[in-house]
Every structure is written in C-alpha cells, then in structure tokens.
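From just these sequences and the hints, can you work out the full model?
Number of protein chains: 8
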Amino acid sequence: TGGGAALLDPSDTVFLLLDHQAGLFQTVKDITVAELRSNTVTLAKLATLMKIPVITTASEPNGTNGPLMPEIHEFAPHAVYVARKGEVNAWDNEDFVKTVRATGRKTLIMAGVWTSVCVAFPALDAKLAGYNVYAVMDASGDVSEMANRTTLARLVQGGGVPVTTNAVLSEVHRTWNRPEAREIGELYGHVSPNYAAVVESYGKAQEVARQSN
Amino acid sequence: TGGGAALLDPSDTVFLLLDHQAGLFQTVKDITVAELRSNTVTLAKLATLMKIPVITTASEPNGTNGPLMPEIHEFAPHAVYVARKGEVNAWDNEDFVKTVRATGRKTLIMAGVWTSVCVAFPALDAKLAGYNVYAVMDASGDVSEMANRTTLARLVQGGGVPVTTNAVLSEVHRTWNRPEAREIGELYGHVSPNYAAVVESYGKAQEVARQSN
Amino acid sequence: TGGGAALLDPSDTVFLLLDHQAGLFQTVKDITVAELRSNTVTLAKLATLMKIPVITTASEPNGTNGPLMPEIHEFAPHAVYVARKGEVNAWDNEDFVKTVRATGRKTLIMAGVWTSVCVAFPALDAKLAGYNVYAVMDASGDVSEMANRTTLARLVQGGGVPVTTNAVLSEVHRTWNRPEAREIGELYGHVSPNYAAVVESYGKAQEVARQSN
Amino acid sequence: TGGGAALLDPSDTVFLLLDHQAGLFQTVKDITVAELRSNTVTLAKLATLMKIPVITTASEPNGTNGPLMPEIHEFAPHAVYVARKGEVNAWDNEDFVKTVRATGRKTLIMAGVWTSVCVAFPALDAKLAGYNVYAVMDASGDVSEMANRTTLARLVQGGGVPVTTNAVLSEVHRTWNRPEAREIGELYGHVSPNYAAVVESYGKAQEVARQSN
Amino acid sequence: TGGGAALLDPSDTVFLLLDHQAGLFQTVKDITVAELRSNTVTLAKLATLMKIPVITTASEPNGTNGPLMPEIHEFAPHAVYVARKGEVNAWDNEDFVKTVRATGRKTLIMAGVWTSVCVAFPALDAKLAGYNVYAVMDASGDVSEMANRTTLARLVQGGGVPVTTNAVLSEVHRTWNRPEAREIGELYGHVSPNYAAVVESYGKAQEVARQSN
Amino acid sequence: TGGGAALLDPSDTVFLLLDHQAGLFQTVKDITVAELRSNTVTLAKLATLMKIPVITTASEPNGTNGPLMPEIHEFAPHAVYVARKGEVNAWDNEDFVKTVRATGRKTLIMAGVWTSVCVAFPALDAKLAGYNVYAVMDASGDVSEMANRTTLARLVQGGGVPVTTNAVLSEVHRTWNRPEAREIGELYGHVSPNYAAVVESYGKAQEVARQSN
Amino acid sequence: TGGGAALLDPSDTVFLLLDHQAGLFQTVKDITVAELRSNTVTLAKLATLMKIPVITTASEPNGTNGPLMPEIHEFAPHAVYVARKGEVNAWDNEDFVKTVRATGRKTLIMAGVWTSVCVAFPALDAKLAGYNVYAVMDASGDVSEMANRTTLARLVQGGGVPVTTNAVLSEVHRTWNRPEAREIGELYGHVSPNYAAVVESYGKAQEVARQSN
Amino acid sequence: TGGGAALLDPSDTVFLLLDHQAGLFQTVKDITVAELRSNTVTLAKLATLMKIPVITTASEPNGTNGPLMPEIHEFAPHAVYVARKGEVNAWDNEDFVKTVRATGRKTLIMAGVWTSVCVAFPALDAKLAGYNVYAVMDASGDVSEMANRTTLARLVQGGGVPVTTNAVLSEVHRTWNRPEAREIGELYGHVSPNYAAVVESYGKAQEVARQSN
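Chains as they are written, first to last, in the working numbering: chain A, 125 to 337; chain B, 125 to 337; chain C, 125 to 337; chain D, 125 to 337; chain E, 125 to 337; chain F, 125 to 337; chain G, 125 to 337; chain H, 125 to 337.
Any given hint could be a false lead.
[Stated by the list, open to error] Just some of the chain E residues that point at chain C, by a computed CB distance under 10 angstroms:
1) T188
2) F220
3) T275
[Claimed, not checked] Under the rule of at most 27 angstroms between Cα atoms (straight-line distance), these lysine-lysine pairs were calculated in the DSS-like manner:
4) K153/E / K153/B
5) K153/B / K153/C
6) K153/H / K153/F
These are computed hints drawn from the structure, not numbers from a lab.
Keep in mind it's a predicted model, so treat the numbers as computed, not measured.
No residue lacks a Cβ here, since even glycine has one placed at the ideal position from N, Cα and C.
Have a look at this one:
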C-alpha cells in the first residue's frame, strides 16, 4: 500500500532522552511538569515494550540543574546513561555521539529540557550528520510558549520532524493487531488521562451488560 | 483570469474522514467536541451537496476508541465505510488505499482524530504516493494545542496543505452563483454560529422593511 | 433527611427567558453563541419535560436587536411570549410582571442577553419584590468576561442565586429514579457534548459485550 | 410594577471620572487601552445626552501620570474639572467633595485608573458617607486581571455596586421609547463594536428589501 | 495564641467524596482530569494518614456516569461507600445522611463532580442543617470555568467555606513537627508536581554536599 | 547599503481590501472587530497618504454577508470598487484581475475577511501568476485562532509574505525623514492605542518643561 | 472631607511577610515568580520609606521549602524575623503573635506563599482576634489561578480586605505632596514596569524640550 | 563529533540591539516589558562576558519613540551606538551597515522593538547580503501575539534563524567547563527567575548538609 513510506522504522530507531532534570523542570513554562514527566515516562515504557534502545544524559546533575528524573531508568532499565563533561550540547560529547553511532541506527527520537537547547542543538547537528531526527515537543520543555513556537520553527527549518508523544506511540506500534495491544492501550492512558477514564467506563459498561444478560 | 490555479478541483477530490470516534473525542483538547463534530458534519453535508465521494474508516470501533459518530453516514449516505484490521495508519490498510484509488481522484481532503496520527500518517504517505493532500485542522482533533501546532508544522513539512472547514467549504463551491446557494449558506452557519444569527437578523430586517412598506 | 431544604422547588418555579435575540447574540463575548443557544434550548426542553411554565420576552425584536431565537418556543410550545413597549428592564413592563404573578409561583429562574442588563435588572427588582431569584449565567451572555464576573458579584450582592444550566437541570429533576430519566440524560448531553459521547461509547460497549456473550 | 426599585435614579446621579490619564493608561493590563477609552467616552456621551452632571479630576497631570484624556471634556462639555493638590484619593480633596455635594445628588457612578486606587478609595469613603456608589469596572483599568478581581471583591465588601459600561447605559436610559433612541443605539455600538456592525447590516438588509419591493 | 480559632478541627472532620466517576470526568473543563484525580487521591491519602473518616458515594455507577475512580478506596481503605437510589443530591439519600451523622462529627470537607451539583447541593443542605461545610474546589470538577466561578459564589452565599486541596492538607496537619512529616511532604508533591522536583533537587544537593565533605 | 533589498517597493504596490463586510465581521474570532476595522482604516489612510492605489471588492454585499465597511472608501477616496458576480475568490472575477493588472504594479498587499478564503485564495492564485504577494494578517479576520495559524502556514507554503499592519506601515514609509512624518505618527497610534497615549504624554511633558523654563 | 475613613491608617499598620521561600516559589502558578518577588520587594521598600514595622517568618527554611528570599531583609533592614517551630500557621506560633502584639498596631497587611495557607490561616485567625486584616494578593502566590480565586472568596468571607500591591502603595502614602514623592514614584515602577518606562519617556521629553528652548 | 556544525560560532558573531526604547515598549503586547528588558539585559551581559561586539541604535530617540533603555550600555560598556537619520530600517543607514561590516563578523544576532519591523527588516536585508542571521524573539517585542507569530513565519521564510534568549546563552557558552561558569549561571537566572530560586535552594540545601555533618 505504500503505508508507512513517510514514517519512521522502529527497528532503525533510538530514543535520546536529554537532561530531564529536577532543577531544569522548574524553569519549564510551556507544559506542566506533571505532563512533561508523564510523557517522558511514556516514551521510556514504550521503548522497553518495543525493545528500542534508549540513551540518556544529563547536564551537570551534581549542580543546580539537578538530578535526572529517576522514572526513565526505572521504566527503561535497558537505557544507557552517558555522562557529559560540561558540554551543553550532547552532540559535543564524544562518548554520547559514539554511543549513538554504536547502535547502528539512523533515526533519532529526541526529547529533553530545554527544547531550544538540549533538544535543538543535537537535533540540528545530528540532522547535518545524516540522521533522521524527530523532536518530541511535549516530552520536552522550555521557558515559555514563545520559546516552544520559536524552536518548533527552527527545528523544522533544520529538517527535524516535530512530533508529540502520542504520535510517537502510534508511529512505533502502528497496529493494534499485536500481542502488546493491552500495554499499548495503557500508554495511551498516560498521554491522555481522559483516555484512561474511557477505558474504565468501557470495562464497567461491558461488565454491567454481561451481568444483566 | 487564472483564478483557482492554486486551488483544488472538486471533481478531482475525495473526502477521507478518519476515526471520528466517541472514545477518542474525549481526548481532544485543541477544539471543543461540539465544534469538532459540527465541522465534520459540515464536511459530510458539503460532500453530499456537491456530490463528492466520502470514505470513512474507524480504528477498533468495538474497543475503547468507541463507535464512529453516526452523523457522518447520516448526512453523507453515499459515504463508503472501510473496516480496518488494527492498523493505526489507514494507509497501511489495503482495502482503504484500494478504495481511495478506485475513485480515480487525486486530491484527498483528510480530517480525523488525532490530527497527529490518524490524519498525519496517511496524509504524509499519500503525499509521497503522489496525491494532492489537504488536512482540515478543525474537523480534526488532538490531545493539546501544542499537538495541533506541532502537527501543522509536520504536515506542511511533508507538503500537505493545511486548511480549516470554512476554507474547504469556499474552495469547493467557489461561487454563490449556483443553485445550491441557500444550502451552502446554511453550511456557513454550521462553521460559524454567529453567521447563522446574521442570517436570522437579515431575514427579520427584510420582513420588517417589507411590512412597513 | 433535610435534603433539598436549600434547593428550589420545581412546583414553585417559572423560567423567564429574556431577550435571546439574534442581534444581541453578536455582542456576546463571555460564552460562544453555540453554547449559549444550546444551554437555552436545554432550559426550554427541561421546562417542557418537567411541566414548568416558561415566559419569554424580547427587546425591540423588529429593530436591530433582532428576532428571538426560534428554538425556545419550538421546544417549549407552552411558553408564553410577552411583548414589551420599549422597556429595557422586563420588570418595568406591566404585562410581564402580571404574567409572572399570574403563575402564582415565587421562584424565578432567569436567563437572557445581556446578563448585566436583561437578567440583572429584573432579577434585582424581583428579589426586592419578594421572589426567590436564580440567574443562569451560561444560558445568558454579556459583552466580556469582565462583565460576566462583575454581574455575578452584583447579582449575589442583591441576593440572587447564581447557577449554571447543568445545575438547573439537576436541581429540577433531583433523581434519576423517574420515568423521564432517558430524556434527562439527553439534556445532559446538551450541556456537555462530552457526555453525549460518553453515552455513545457506553451503548456501543454494552452492545459489543452482549454480542460477544 | 416595582420595576427599577433596585436600580439607580438618573435624576439623582453624578458621574465621577477619575484620573483617566495617558501615563497611567500604559500600566493598565486588565482591559485594552482602546476599550477603556471607548467605554469612558461612552459614559461622557451618555451623561451629555441624558443631562447628568460629570465631575472629572486628575492626579498630578503635569507629572508622569500624564494628561487627562481629552475626549471626556470634548464629549461632555458640561463636565466640571476639579484640580487636586497631590491627593491620591479624590475624596481627600476638599474641592472635589464639595463639588460632589453641591450637585445635591446621592448616586455616584465612578470610573477611573486604577480601579483599585482611584476608584476604590473614593468609592469606599463615599459609601461610608452615605452615598449610593457604583463602580464601572470596564471604564476603569488596573495593573492586572488579578487586581481587577481583587478590587471587585473589595468594592462589594464595602457596599459598592459593581457594573460595566453597557449596564450603566441601560440603567440610565431604561426604555427605547424615548426621543434619544437613535443616539442611544449608537452608544451601544461603542460598548460593542459587533453591535455597530449589526446596525450596519440591518440598515442594508432593509434598504435591499425596500429596493426589491 | 488563638491560632486556629478560625480553622477546622481535624478531630471533628469527615471527608465526603462525591461522584468521582469516570463518565462524569469527561465533562470536566475547569481542571484537567489528571489534576482532579491527583487532588482527590491526595485527600484520600491524607484522610488515611491522619485517621479521618471518609464517606464515598456514586451517582448511578452502573449507568453512563461510570464507575467510581478506584484510587479513593485503594488509598483510603477505611472509606465507607454508600449506594444511592437515583438521588442526584447525596443529602436526599437517607443512608448517606445517616452515615454522616453516625460519625458524630460536624465539619464536612466535600469534593466531587460536578461542583455545582454533587458538591453544592449537599453542601448547602448540610450547612442549613448546622454543619460546618468546606468545599474543595480543585478536587471537584465542572463543565466550564464559568461554572466553577458561579458555584464558588453560590457556595459562599450559602455559608460554605471554599478551599483548595493544598489548603486542606495544611489545615489538617497544621505543623511539620509531627511523626508523619515525611508522608505529608509527599502529599504536597501530589498537589504541586513542582514541589516534588524541589524535594528531588534538595536531596541531591545535600548528597553532593556530603560527598564533597 | 543594500537596505530594503528584501522589502517591498511602494511604487510597485497596490492594496487589495477584500470583503470587509459587516455580516462577515460577526464571524471573526481571531481578532476583535474594533482592531480589525482600525487596522483596515490604517491601511486605507496609509494608501491615501502615500498615494498607493487601493482596490476593494465585496462578496454578495446585498445578501447576508452585509455591506462593505464604509470607512475604507471614506479614508481612501481614490479606492476603486469592483463588483463581483458571486465568485468567492476575487481572482476568479475578470474585472477584478483586470483592475489589478491595469495598475501595472506587481506587489499586492492583501487583507480581508476571511483570511483563509477571501485573502488566501487570490493570494495563492496571484503568487502563481507572478505577483509578489503580502497578506496582512491583522487587517484580516477568520473564524478561530486555529484558522489564523493554519492559514498563515498555507500562505507561507504558497510563497506569500505574512505581515501585520504595523509592518506594512513601516515598510511603506521607511523613513521618518519625510514631510508626512506627523500623519504617519498618527497612523501608529491607530495600530497601537498605547502609542497614541505615548504621544499625548510626550506632548504634555514638553509643554510642562517649556512652561517651567 | 471624610477622606480615608474607609482606608487604613499607616501609623496603625504592620507588614507581615510570610514564607516567601525559594522552594515554595516553584509551586506558584497564579503569578510569575518575577512579579511576586518584585511586589514583595516593593512592600519591603515601602515599609522602610514610610517607617512601618515589618515582621517576617519562614516555614522550615532549612528543609525543602527553602530559604527566605533575601531581598526583604536587604530592603527592610528594620524587619524582625521570627523563627517558627514547624507550625504552618504563623498565628499558631507564640513568638510570632507576641511580636505582632508588641507593635501595639491593629492593622495587619499580610502577604506570603501560599495565599491559601500562609496568608489565609493567620489572616482569618487575626481577624477573629480583632485585627484589621489586609491580604496582598499579588505579593502572595498559590498553586493555581483557581486557588487564588478560591482564597480571595474565603478571605472576604472571613472579613479580610483583599488588595494588590499598587493599592497598598497608594493607601499608605495617600498624597504626592510629601518629601518622599520621588522614591514613591520609583516604587510604582516596580509594580508596573510600564510606569517605569513612562517615567523614562517623560524625563527625555522634558530634556529635549529644554534643550530646544 | 561534528558537535556545533549546525550552530553559531561566537567568534564570528555580533549582537545588534535595535530600538529598545521606552516609548515603543508601551506598544509591546507579546511579552511583558519586564521580561523583554530582562532578556535584553541578559544579552548585553553575555556579550560583555564572552567579549562579543554589540551595536545599538535607536529610532528617533528624541521623539515619541523615547530614549534607549539605559541598561544595555550600562552592562555592555563596549557597545557601539550608531545614530540614525530617520530610517526605520537600520540596514538603510550607511553608518550602521558600515559598523556591522567593520567587525568583520558574519553572524548577526538581532533583537529589537518591533520584531516585525526593527528586527525583520534588517534581518531580511542582511540575510540577502550574505550574513548568517539570528532573531531573538523574546528580547524583541511586537504589538500582538499574532504579530509575533506572523513575523516568526516571515523571518524563517527569509532564512533567518529564530531563537530565544536562553538558546542564545547556551549557543554562545556551549560548555559549563569554563571559568565564567558562575556568571553564566547567573544569566540563566535572568531568563528564568525560577532558575534563580533553584540556585538559592541548592545553596541552602548544601549549607544545611554541611552544617549537619
């Protein structure tokens, strides 16, 4: 059908989760911290479920930027953490780029805090280096809505593909006709708490219908 | 005059209404459900009025995503429903793509829930396959305003033409100088409830003027 | 139980729907015209269903204020229309006050455009005259959100009870344990389009459950 | 009918327009400067039309607070300007209070910049001194929406009646059945630019109807 | 010191959690579903921690209103569920009022969906019946921000005390100088995800300081 | 200096003001009607001041779309009105395109209601026909902010240059060092009422300084 | 004149600045941290300028709530800090209440984080104890706009006077006719950065006028 | 690593700060004046810290546009001011372009008021002239959010790189592993007041940890 010709190939994909740190979270104003963490956790769980590599890193986690949010490694135990030596741009760090290259994969799904810096800098560099680059705008955060809109434009200008967490979810699993369908359904409840309530209502409605049979 | 050289040709056009389902509606946050449904109904009625083919589909309608909104087939009785087998991306489904191809038309006007997934995936694939692709942003819905803005950028990046329902209406009928003018006027009242009130005021003002003559 | 001691008594209640006119609707900025009309229709249908008297009136309907929205009398055929003679405040009009008095009821549920004028003026006068007065803030409309907030304060200062349409609905029917339960459910779908989708999903979920039994 | 028992009596009313100054306008964030000036002009014109006294004053108009907006005295040539001697609260100024008392009227409709200071201070003092006090929230301005809401509460706490310009308009003219009806209609076009467009549409619709007769 | 003379007495307090149901959640527009649930869970955990009785109830949970959110009874296992017989107003239900009375406590902290109905009706009735009534506005939900503001005014008019979840938390524990301090700290992280990040940063900063000693 | 190489040439420019009609104004939701009219008037005055041709047109002005706003021809008496025969897209109308061509100018500054239709259709067609096309987003209006954002993207995709009224003002006059400086200053007061207040304050400050000399 | 009869008496006034702490600031969502700090600094400077006592306190400043913002004591060196022993409500702390009483003043102007807790609790207690209580809503902060509105209602219900920083400024100095006029002008520039720019423009305009003389 | 291949080179960079004037500030509506000034100061301090040239200019500073904000030259004493002769577009001014050329640098980071004029005009001209052009959207200001979004699109269309102040900060210093790390940390506190509070909390937490050792 040509279906998916314009979409990513999960077997060629790595998740790069960049600088999701407690201190930096306080500066985020384009999304609530609760949603930002929940979307990031969704990516971590998705990667684990679909066996996609995850690379994490942090910017000066012993300093004021604060510790990495622990949920990523909790829900993606296979994630590899790469320490940096002060570089703001992860792509400036040799170990980080090496770790990315070592996966042999060419599609990078990036998210982080700030979108305009920790995501945009390596995204633009990686695109120039020949990678297929996705930026997950709502698993990232920035200092204002204006910063979000501005960075969206810069990323697209540089050839990056802008997405949101729910689109990544769908673009990775692509069909409900697979064994992980139930777990995937739960992940949609993460990106949309209303969907979780839909699922609860659905279960109850069926239970009532069955009991009244 | 060269008028319309940059616009769509209704005789080459198909409407694809994708996954407008009751469960998914609960997750929509970039437009109210009332407006989303009203805009979608407008497209269905317009297609019927102007004799444009409509193809619908749904993602797992027996599951938590919920049933298709019934108004589409009610107001576009000629619409063809294509069942999918779990594929998130309608363009992954052979029957769907076949049904599109069978129309022999090359301009696809797409709307659906979520914009970032159910619209964007087939839109990007169809564009790559040579179709002229329109995405109706306000007959579609997504989990956040950020998702709407992000998807708008991705669609444009892929060559899709972003529109809203009122523009589709105008781009299809193109002139008031046609027998369906009154019905079209009513459709504008759907996309703008204020316009419906304008029409009511106009009628009353004329009635008063005639009576006082 | 003392339940309802602080609530209204439907058998003592009249609905006063004031100046819901097409021209005035254009000036409303604190609610969309679609929601305003939908909420007003809900009150009309509720009155019919629960056999509560309705009195309507309009301010200069032959002039620029425009015609009364026709849905009220369509859905509440028992509603009584009282013509005014130019008075802005319906309570200044003898026929109107007489019609209210003739009902013998002492609880007035008022809605109209503008909240600050067409609702507030008769509401404050009626309260002073000994009536129990409710103002339905979202079946009314005003020129700004600031006007809405300001009027809310003035109404409360004068002893009026501020409510929204969904609360009126519940305060009138009070229990699901009555023959009109299904129709009432539909009315909730008017004040909340998301609730209508919940009902659709529920029906489908039960249908699927029954079929799979 | 008891109509108007709870409303103001125009023959007992004075308008106090306080510190509508160009420098202070820059600090206003709860309403646009265009709307603030337009509403203030509306009050000035209304006073002239209905022959209601107007008293203006300014806070240090030779200093950074800036000059009084000239439209007030332009459209209400009968307005009396009272100079102050540095007092922030106009009620602290002997001349001002004397000028108010000299009118012999007991209902004061106040507006000014800032609502929380230039309106609230004299409003609370005047109320304590036995006056009937109205505060026109949208012919006044303040440094934030929070300041507007906070001041609304303080004014009501002190017994002031909170209103918006459109309500003052209606509360003063009370009926369309008067010679000034056309001029009053124009004033509604000031408080609601959409109403002005309604009037234009109405005139045109009638003209078309008459011509086609 | 007179400290707390104006505040609630936890030993006289009961939590009433009313109609937090999955179907109704879809209609809530004045707060996100995620925040609403998180705040409600906070109350449940607080009640358990501080040994305060909890009474829950649901409106037609087998119907479209949907099942009660399971977290309440999960985190407050001592909560007592009272089934209703169709009454919208819990105070209309004899069992419910009896269960409240049986606690012997006179301060009722209420939350639920909708604020304007499921909270306001029993709140106003209970106040009239002599109870001290608190309404937790952000552990409740309603169909619009306007409904929230309108109901706030109605509740205050009836003598109810309006609060938010963070205030309930503080008003119940009153001092950090108690054994449950750590658990309480965690609850603040529920009502403010930013506070949870503050706690993470604090721990890391101290760990770094200690290691560098 | 190369200054202006990327900017428009006023001597090659025509203003096309499309369908600024009273009925359509009621449907505009991305800008207030007051601002939309004020910006349009600014363009009309600017064209007159700088001797730039203006072409106006209207869509079915005898019908519900309503009459053209009279200020355009009032303030740009040299403007040429072209009647259409029912075409929605002005570029479909032979007379209109002829009138544009007859000016011999190749830069078209367009504004109108709706942006997505009355501006976008001729803009895209004219661009394809070799014109340099500007779209003035805030002298135009559309049914929602989403429609504005969507149309902005479509216009840019088609090669149109998106601008706002203040930018047109500056791009046309280019220097304050010209005889019309005072009139231009007044036009800035139209696009920014705060600027008008700045001018008032400035004048007063200088007057005070001179008097105290 | 009776001027000020309804206003506070600065010689009877104390400022209570409660829990303005770096950790708590991260949880504030009803005002930006920059504005909150700037308004608080304004109060500190005002107190110093007008010789009004200031009492500060903090809630567990060695813990996660974080250190007191240093600017208060920097700009109000006469401020007295009272340590608490874990009490959330400052009025529960004996030393705090003693320090307040020792001033012999009966008007308390309170601000702090959170408004709903650190301000509302002592405000309600102090009011009950006979004090005249002001709450400065924008020198305080809370977890949501809803919390701000809810607390405003609760404070007014308990007899507290709600104000904003600019009103406190004006209510304290009352006249420009005093030696501190220039310093006071600067404080207005703190509560309104636009006012600071007005002052800059004013000075420049006068300088230009004088030079051109 | 290829790190920074897509980023700017500070040694090739000049900052152009255009028309940050007190009068123009009053017209800015897409960002607060406080944030606009703070971001501009950040750029000035960054330039000084990293020894990057700064060129400033003003549009008719003796007229109503008002004086240049003094902080720029205060914090970037090395900045060169270029007077203009009435040109709106700085690139129209020979001295300005000469001064830019004289730096020998090819990357221009521009900010100013208005974004759509004072930034966009020279940005588009400079890009055409072969420069690498950055526009700092939040150290600039415009008359509306719509103007900001419109200009963002125009700048990108012309090849300009859109950024925000925090991204410029990061793109210039690139690593924390440098002597200026502490000063840079302070600059982040300027663009994010929440970050400044993070730093305060961090310091206190470490101090407490060390004291308790």
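Right, here's what the structure says about each hint:
1. Contact between T188/E and chain C, as hinted, is supported at the beta carbon level, the nearest pair being about 5 angstroms apart and thus within 10 angstroms.
2. Hint status for F220/E: holds, given a least beta-carbon distance of 8 angstroms to chain C, under 10 angstroms.
3. Annotation: T275/E was flagged as interfacial toward chain C, and the flag holds, the nearest CB pair being 7 angstroms apart, inside 10 angstroms.
4. Straight-line distance between C-alpha atoms of K153/E and K153/B comes to about 10 angstroms, which keeps the hinted pair within the 27 angstroms bound.
5. Taken as a hint, the K153/B and K153/C pair is honoured in the structure, with Cα atoms around 21 angstroms apart against an allowance of 27 angstroms.
6. Under the criterion of a C-alpha separation no larger than 27 angstroms, the hint pairing K153/H with K153/F is consistent with the structure, at around 18 angstroms.
The structure is consistent with each of the numbered hints, conforming to all of them.
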